[in-house]
Structures are given as C-alpha cells and as structure tokens.
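S.K.: Heads up: the protein sequence lines correspond to chains Z and R, in order.
Using the numbering used here, you'd call the opening residue of the first sequence number 2 and step up by one each time.
Using the numbering used here, you'd call the opening residue of the second sequence number 2 and step up by one each time.
Check before you lean on any hint, since a few could be wrong.
Since copy identity is lost for identical chains, a pair holds within one copy or between any two.
Unchecked claim - Computed cross-link-like contacts, DSSO-like style, restricted to lysine-lysine with a CA-CA straight-line distance of at most 27 Å: (1) 138 / 212; (2) 212 / 234; (3) 118 / 229; (4) 89 / 322; (5) 118 / 234; (6) 199 / 278; (7) 322 / 309; (8) 118 / 49; (9) 212 / 229; (10) 199 / 318; (11) 102 / 286; (12) 278 / 309; (13) 234 / 322; (14) 118 / 48; (15) 212 / 199; (16) 118 / 278.
Hints were generated in silico from the structure; no laboratory data involved.
For clarity, every value in this text was computed on a predicted model and none was experimentally measured.
2 protein chains.
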Amino acid sequence: MREFTVNEAAKRLLEAENAYILIHRSPDGDCIGSGYALALALRSQGKKAKVLCSDAIPERYHFMLPEAETIEHFEPDIIISADVADEKLIGDTLFEQYAGKTDLCIDHHISNTGYAKELCLDGNAAAACQVVYEILKAMNISVTREMAVCLYTGLATDTGCFMYDNVSPRTLRIAAEIMEQYPDIPYAAINRNMFIVKSMGRMQLDSILTKQLESYADGKCMLVCITKELMDKYGIDESELDGVAGFPLQVEGAEVGIVLKEREKNFFRISMRSADKVNVSDICKCFGGGGHIKAAGCSIEASAEDAKRMLVEAVMKGMQK
Amino acid sequence: MREFTVNEAAKRLLEAENAYILIHRSPDGDCIGSGYALALALRSQGKKAKVLCSDAIPERYHFMLPEAETIEHFEPDIIISADVADEKLIGDTLFEQYAGKTDLCIDHHISNTGYAKELCLDGNAAAACQVVYEILKAMNISVTREMAVCLYTGLATDTGCFMYDNVSPRTLRIAAEIMEQYPDIPYAAINRNMFIVKSMGRMQLDSILTKQLESYADGKCMLVCITKELMDKYGIDESELDGVAGFPLQVEGAEVGIVLKEREKNFFRISMRSADKVNVSDICKCFGGGGHIKAAGCSIEASAEDAKRMLVEAVMKGMQK
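With the rest of the complex left out, here is chain Z:
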C-alpha cells in the first residue's frame, strides 16, 4: 500500500480512463455523495465511471443520484473505493468479485485497514466528500450542480449537520463555497429531510425505543436492543432504523450509547457512539469491528442477553481508560 496525497490522487485519476467506484454496504449520504460526485467528475472529463454498491440506494438518498442514465458495459482500468474503511464493508456480493482489487481508496477513516494499492486518506476530513472535494479542486474540475448536491449532502450527513467535532474550518468553508456557487440548491430542505423529518412510524418507534432504553453505569452507558420480535410487533421496517445509532446518546448524562439490531436470529449488528472521552472504536475492535473514536460498530453472534452483557462489560472497561 502506498499513501497518496490529494495531488497524487488527482494525477492518478486524471491518468485513468474507466473507473468502477465501490462504496460501502448500507450506503449513507457520505459514501453515496463521494461515490457519485467522483463518478460525475470523471465523466465530465470524458471518462467512463460507474458506482457499485452491494445494497440498493435507499429512497431518501435518491435526490443525490444523477439523472437517469444508461451506462453501457465497460471494463474498468481503475477500481476506486470511496468512504470504505475496510474492504469487508463493500458487502459480500462486491467482496467476492473485488477483494484485493482496489487500486485507489479515498477515505477519511483513521481506522482504514490499508487494503488498497494506493490510499488517499485524510483522517482529519469530516467526510469522504471533503477529501473528494479537495481532489476535484486539485484536478481542476469545476463542481457542477449535481456534484455540489452530492458533496454538500455528504458533508452534512457525516457531521450531523456540522454538529460533530469532525467539523473543521475547512469543512465549513467548503460548504460555504458550494453554497456560494449554487445558492439555489435547497440546502435547508435537504437538511430537513436528512435530519428532522420522520415518518409517523419512526416517531412511534422513538417512543418505543424510549421505553426500551436500558441504563448502565449510573446512566453513563445507555443501551437499546432492537430485536426482530420488537420490529415484528410494531411493524418496523429495517429502513426505518437508519440513524437510530445516536438514539441512546440523547439521554442527559450518557457517555456511551449502544444500539443492537438483530439482523438474524441471535446475530446482532452493533452501533456504538461516544459523547466525548470514551474511545468506542477501541471497544468495537474487541469484537472485530472498528470505526471512528466517537462512532464505531461491530457484529456479535449471541443471544440478546449475552451480547448486551459482553458489550456493557467492554464499555465499562473502556470507560476506565
């Protein structure tokens, strides 16, 4: 693996012809934004580019997608990954085909496993979209309106609307530059849809989750366990759970918030969030996961009770550090 600067990544992309861009499974605003902004940018230079994702892009992100397009089949001469910290995160379908084949990875996760031949990583960037923006500038590509929508949405979603401590002056200035160039993009409406709007079902879900909240370590560790049974009982759809990871950390006094989602019987995907000091990336690593210091994840195969017990124990240990 070679580390690439923004300028090196720009040069590499300008030299490439046809690109496949891999983004992570359970796609979010940042990987969709960085993937499609990059694809649009490459196409604007007469290259071919296609974004590949194991999962369908959820409807709430459809506004980010380029207008209907037919992409003829083509063979890539470069495989890029965007916002993919670990190769496994591209999901099983893509992993089978592309494991070990990523040429250039563009990322902002300090936990990046270095699986690509070339890695353009800025661990201080708030979002992969921030890195992509810098690369586009270095490539001297003018940001179109479609790219701007992608990039802004990625910046906004990965920062909780410029709320988290991954926001730097540069993040805000990029948002300002985009907003200045395209004052007519409905930023507030995008933010409202990303951060505020909930279906009545989701609001009722929040009420249910409030009742399910479990408090550990004198309320410093708050936990919610979303079992299949609970989802069936209230008719909750998987897609409704997007963004639920931050739920337990809303509670005053909480330092770590844990959400367990039962994917299959006795198989849980865990999201862990830290309010401030506790390093949840380290904690999730104990279970084979990882992520950011304040936002990480892992998977556990166990009963709900066992999974909870293991997680809470690990968090208690992590808190003592």
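Starting from the known structure of chain Z, fit chain R onto it as the hints suggest.
M.R.: What follows is chain R alone, placed relative to chain Z:
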C-alpha cells in the same frame, strides 16, 4: 427611526460610554449570545456594559455567561437592544422602564417594528450574533474566547446548527473564522447540549407529544396542544418545553407545525413553524404576533378547542396563498 449600516452602528458604539443591553424575554442562544458578546466587546474598550433580561437565563445557557462579575451600578448613556424584533418582547418588567427608550437596536428579524431611534438590521443575517460579529469587526475589536463562545452559540442555535435556510456562506465563514481562532472551544459538546441532549423527562415528553399529535389538512398541518393539565399530569416543567416548537414539523408530509402552550387558564402562547412555502409570520400577524417567514409566534386567549380551530382555519387560508 434611522436605519444604520454596520459601520454606523460601530461608530455609534465606539462613541458611547455606558450601555444597557436589552434582550428578549424567554432568552435563547442568539439573544444571550449577541447581548453578552456585545457587552464583553464594549467592556474590552473600557466602557461599562450590562445585559438586562426580564427572565432569568436558563441553566443550559450558563456556559455562555462571562465569569462571575460584579457590575457596579451605573447610568447608561446608550440603551441598546439585541435580537429584539418588537419592543414588547423585552417583557413586562423591562417594558415598563424602557419602552420608547431604545437608542440602538441590533437585529436580524425582517419583522422588526422599528421601535428604536437607530436600527441596525440585517434581515439576511442568520442570527443577531452574525450582525454583532460584523459590528465587532467594524469596531476593530478582537474577538475574545468568551465572545467567541457567545457568537458561535448564537449562530448555531438560530440556524438549528447550520441547518435552516437562513444560513448563508457568510454564516458558515464566520463560524469557520471563530473555530480557526479558537480551535479548543468544545463546539461539538456545545452543539450536543443545545441540539441533542434531552433529560429522560423530555424524552418521555416527546413520547407524550407524539401521542398528542393532531393532523389537519391531510397531514400538511400538524398540531400539538400542551395544556396545563397535561403538564401537571406528567410533571413537565415549563423549562422542559424549550425547543418544542419544531416538534410537529418533524412529521413527514407536514408543511406547518403548530404548538400551543397554555401559559394560564385559557391563555395560549403559540409557536408556528413552516417547512417551506407557507408564510407563518403572516398567519401569526392575524393574531397580533409575528416573526420570521418560517418561524413565528403569537398569543391567543381562548379555550384550547377554540384556539386550535382559529389557528387551523388561518393556516388553511395561508396555505391557499
């Protein structure tokens, strides 16, 4: 009334000696931020300055206040108001004493009634703090850490953390400048406390409010009525209701959200929010209130049922415009 530019306001403030700064009742992040940032700035120039508010500053904003200080009694030669769109909003206590006496008003509400002798109004500014920041720059005052905390918090709180459409590139750049000058201010923690953290009581309140949601106009108008009875029943404190105005507008499909809070038996304070097109300032004006196009308020003396009926009728009319 004379309209003042930022430079004229700066000149006026530099000439003044001793200032009282009035902020609105039910103080929020922006009026506290603009009031105290201005007071600190004036004091940094060897002037005397005091912020006056009808209500006590809620505890959640105490981090914004300058370190414990004893202010000797002094007579002002200038009375300033910050973030006060209408003189009545300074509250009864201050109104009795200062009605008609404001020399300079610094504001960002287009609905400003022009009650002050001199008005420095920027209706495009996201927050009064944005106007104050420009004035401090024009006064050539260097922003101290304490002022920075005030100004950032005002910008953040009045924009829903840079979410609403009052945010301009300038708003983001001011936040970037502040963040650059004081990278150690815990911005993310401030935002978390302002926008995310809720007491368990408030989370339970949200569950209660979800149950209380009333839908009108095919869900385009969502309403919540918080009666004294409801508050007593669940032991909800008035201070817990801060920020509840946006609650009904969370619901997917809602265009207008209304919250009625019963202040006294059959006397309601109304908050109205618009998602996009409907002008709720116009609607609230019908009831003697006002505010911004997308965030306004008024008061109604009537039974809950009558108040709701009147409001929903006015909203339905407003939607047809």
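S.K.: It remains to establish, for every hint, whether it holds in the given structure.
M.R.: Do the hints match the structure? See the list:
1. With identical chains, the CA atoms of residue 138 and residue 212 are never at most 27 Å apart, being 48 Å at best within one copy and 49 Å at best between copies.
2. Proximity of residue 212 and residue 234 under a CA criterion of 27 Å is satisfied in both settings, with 14 Å inside one chain copy and 18 Å between copies.
3. In this homomeric assembly, residue 118 and residue 229 never come within 27 Å of each other (Cα to Cα): the closest approach is 40 Å inside a single copy and 65 Å across copies.
4. In this assembly of identical chains, residue 89 and residue 322 lie within 27 Å of each other by CA distance neither inside one copy nor across copies; the values are 29 Å within and 53 Å between.
5. For a Cα distance limit of 27 Å, the shortest separation of residue 118 from residue 234 qualifies neither inside one copy, at 47 Å, nor across copies, at 63 Å.
6. Only between protomers do residue 199 and residue 278 lie at most 27 Å apart by alpha-carbon distance; the minimum there is 19 Å, versus 30 Å within a single protomer.
7. For the identical chains of this complex, residue 322 and residue 309 are intra-copy neighbours only, at 20 Å inside a copy versus 54 Å across copies, given an alpha-carbon limit of 27 Å.
8. Proximity of residue 118 to residue 49 under the C-alpha cut-off of 27 Å is restricted to the intra-copy arrangement: shortest distance 21 Å within a copy versus 63 Å between copies.
9. Taking the shortest alpha-carbon separations for residue 212 and residue 229, both the intra-copy value of 16 Å and the inter-copy value of 24 Å come in at or below 27 Å.
10. Proximity of residue 199 to residue 318 under the C-alpha cut-off of 27 Å is restricted to the inter-copy arrangement: shortest distance 26 Å between copies versus 35 Å within a copy.
11. Proximity of residue 102 and residue 286 under a CA criterion of 27 Å is satisfied intra-copy only: 25 Å inside one chain copy versus 63 Å between copies.
12. In this assembly of identical chains, the alpha carbons of residue 278 and residue 309 lie at most 27 Å apart only when taken from the same copy (21 Å versus 46 Å across copies).
13. Taking the closest pair of Cα atoms, residue 234 and residue 322 never come within 27 Å of each other, the shortest separation being 39 Å inside a single copy and 43 Å across copies.
14. In this assembly of identical chains, the alpha carbons of residue 118 and residue 48 lie at most 27 Å apart only when taken from the same copy (21 Å versus 62 Å across copies).
15. When the C-alpha separation of residue 212 and residue 199 is checked against a cutoff of 27 Å, the pair qualifies both within a copy, at 18 Å, and between copies, at 15 Å.
16. Taking the closest pair of Cα atoms, residue 118 and residue 278 never come within 27 Å of each other, the shortest separation being 34 Å inside a single copy and 50 Å across copies.
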